[in-house]
Amino acid sequence: MTTNLSTQELERYQKHILLPEIGLSGQKKLKEAKVLVVGAGGLGCPVLLYLVSAGVGSIGIVDDDIVSLSNLQRQVLYTADSVGKSKVETAKNSLQAINPEITIRAYAEKFSLENAAQLLQEYDLIIDCTDNLATRYAINDACIRADKPFIYGSIHRYEGQVAVFNYTDAQGNTGPSYRCLFPEAAHEIANCAETGVLGVLPGMIGMYQALEAIKLITSIGKNLSGKLLLIDTLTYTQRILTVKRNEEEIRKVKEGEYTNAKAIQACASEASYKNITPEELHQLIESQSEFILVDVREGNRMGNIDFEPNMTIPFTHLPGYIDELDQEPMVVVYCQTGRTSTMAAQLLAGDYGLANIYNLSGGLIAWQQRNGALVK
Amino acid sequence: MTTNLSTQELERYQKHILLPEIGLSGQKKLKEAKVLVVGAGGLGCPVLLYLVSAGVGSIGIVDDDIVSLSNLQRQVLYTADSVGKSKVETAKNSLQAINPEITIRAYAEKFSLENAAQLLQEYDLIIDCTDNLATRYAINDACIRADKPFIYGSIHRYEGQVAVFNYTDAQGNTGPSYRCLFPEAAHEIANCAETGVLGVLPGMIGMYQALEAIKLITSIGKNLSGKLLLIDTLTYTQRILTVKRNEEEIRKVKEGEYTNAKAIQACASEASYKNITPEELHQLIESQSEFILVDVREGNRMGNIDFEPNMTIPFTHLPGYIDELDQEPMVVVYCQTGRTSTMAAQLLAGDYGLANIYNLSGGLIAWQQRNGALVK
Amino acid sequence: MKINVLLFGSLTEIIGQSSISLSADKITDVHQLHAYLLKQYPALSAKTFKYAVNQDLVDTDHTLQEGDEVALLPPFSGG
Amino acid sequence: MKINVLLFGSLTEIIGQSSISLSADKITDVHQLHAYLLKQYPALSAKTFKYAVNQDLVDTDHTLQEGDEVALLPPFSGG
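Residue numbers (the UniProt record's numbering), protein chains in the order written: chain A, 1 to 376; chain B, 1 to 376; chain C, 1 to 79; chain D, 1 to 79.
Just to be clear, a hint being listed does not mean it is correct.
Said to hold, decoys possible - Listed below are the simulated DSSO-like cross-link pairs for lysine-lysine, each with C-alpha atoms no more than 27 angstroms apart in a straight line: (1) B:Lys274 to B:Lys148; (2) A:Lys244 to C:Lys47; (3) C:Lys47 to A:Lys227; (4) A:Lys110 to A:Lys244; (5) C:Lys47 to A:Lys148; (6) D:Lys50 to B:Lys227; (7) C:Lys50 to A:Lys227.
These are calculated hints, taken from the structure and not from any lab test.
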């Protein structure tokens, strides 16, 4: 197959073509490449921006999520207007505007072992930009079965990991997979608490993933097959560990012995606090259960709820009340709209590990609508 | 001064606020921060995207350039529709859509020692995202005089450098500057040949610069003051060198002994080949100078030029003719519009070092308009 | 025997620091080190992690040498 | 005396490789190393660069030791 570059493309990719190691042949390989990016969040956004700009000819994006305001701190493909819209559709539109000459397909679905084979069919290289272990294992197992390489990236607070898995080199040797490193999804996953993340971190790890993609496609430099790159952004400690292929793990995957990926999924998005509806709160009050109701609004409160017990701890002051709240049998947090209280619940349950945190969904507005209660 | 975060902001920056090391106080510091980004190109685009998303309250962007098609390979703030438009204005619009809650100012001018003092006045931290040594020295000297820190980033092919210069720590000690590393702009700069760049590389180095900015603003982790981080993306070799402050250099800058920054600027954008107009080509023919005229169009040529000597070497085949062309006293490359021939000239002069390369500006279209010559 | 233990990801939060210097004569392999660490830091038992010695991932029967750098590596899930 | 010389940026293109292993008894400081390199690679004389020894930037009177890693560091201009 001979791929040609148009005059427009020669100009657009001039800076790649001028690199002797890439040149015209490398740019043609990029144009011929078919890459599936799983996850259009913190890692997916930078990966997509740079692969689209680099001229990868065919790109698929898988994600069933919609954009939320808290995504905008690091998911740079979305604007304030994107909130509430499909990530993949929004991403596709923005990316196609950058590069109208490539093919971009949006798959507004959750990547799982059910749809994996069909999604992988059209692509030669997969990039794991997901935010949960369940999907990582699904990508790993699907790639082993379809005999395709994938580029893994993951983050935790200020640290990141990058690797190339299941990659077959020019000599026909296939490197290790994610299961050769971590065979099973562990009880670790049961703790789905929301943790914070430095916004720049997924940007940086995404750049390493995009770089690995360019390396694999154009055959330049050393790639991270058989390695695990560890980066600590606070200290700039960088380590490259050696990972060995474990044939027994590969066999288990090929023979279908791992089937737990789906079961884990249920947990991945589960919060460590519980949401309660105004109706449930009403029942709670009626049942005279022992609980404390905490107003977490910052200043300028527009109205107050029409019953006691009631504490007022603005969200920003919560860290000072952890011990006190920890001793309550049940803590229901609320605000005007439910937004601040969701963050308060995440902070208390996720970050400080409090076990009995409940969030009033929809806040006072929903409460008022539920029962016409007076909001003073 | 007490900065408050709105409910909207608490939700938008939730993932930062949940990090104990950043928290609400760190997010407030980001909101109070005033950062000037000099250069809205390969480094500036990712730096801006992530600082805007992170909630830096006041951001200035300085660049007098307009968007070109070849920028889109790595300058991810621009779309195909941006070509020909002001970089800073386009960037400002895109960035403000991501985060309408911060202040962004666009300065469509070239950063120089003349406007430096006024530009720096409004900002506390400067990020050097320029693509030439002249502006780097101007930033360095202006920051020393204004007593402000700057975050340096620079790239060469597959390698990058990052450092924090002129930063005064909590103990009041000021670190080294760029001139403590490289005192003078050298004759190095005389070679302004266009070289290629891996599109992902400025993305990665930009992420390190944005990370340093977040570190300096929120006082987390170790920063790169007094260090020079070297990254080789082909091998993942990373080195952190120690740079010492040179008081004599600082004195020279403060006392105005360095005034060469402006003189160097002229060269920064100078190409190592020459453009000739149709009129000049006409004179060349008339004077019977010895030269060879090379048609570098790829296939489907719409018309041929009406004189000899004339060689046909499609752009993609040029590397096979380097030795042959090198022996000609003068090589004039042309195409239909002047775009492909500009790339051909860059390739021959910049990458292969040929000394007598001339590019017919505006291509055959301009030639035809000049003298009504027949394009067969 | 002196061993430098490095912690990554959520393990840093459990131990409260990113490295530990150990000086223990009875620890000759990774298995013994693991038992020692679980005793010192019981919260580790709820965690999944792998051991790397001098930048190579190893099994628990790996023998430790004076001056080894041992990294404890949990899976990361974020993206 | 053995010295490992590392090249960065455009210097790699001039020398044609990213490192050189030297074994030269007459080289005792950076100044002598510089003279030796210029003789071997005359194209270097057109370049500006600094020397770093074992990750510290040094002046040309810095004394070299057996096994030192010497980096040649030119300014980068790209962005």
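To see whether the hints hold, each was checked on the structure:
no. : hint                 : verdict
1   : B:Lys274 to B:Lys148 : violated, 40 angstroms
2   : A:Lys244 to C:Lys47  : holds, 22 angstroms
3   : C:Lys47 to A:Lys227  : holds, 23 angstroms
4   : A:Lys110 to A:Lys244 : violated, 30 angstroms
5   : C:Lys47 to A:Lys148  : violated, 30 angstroms
6   : D:Lys50 to B:Lys227  : holds, 14 angstroms
7   : C:Lys50 to A:Lys227  : holds, 14 angstroms
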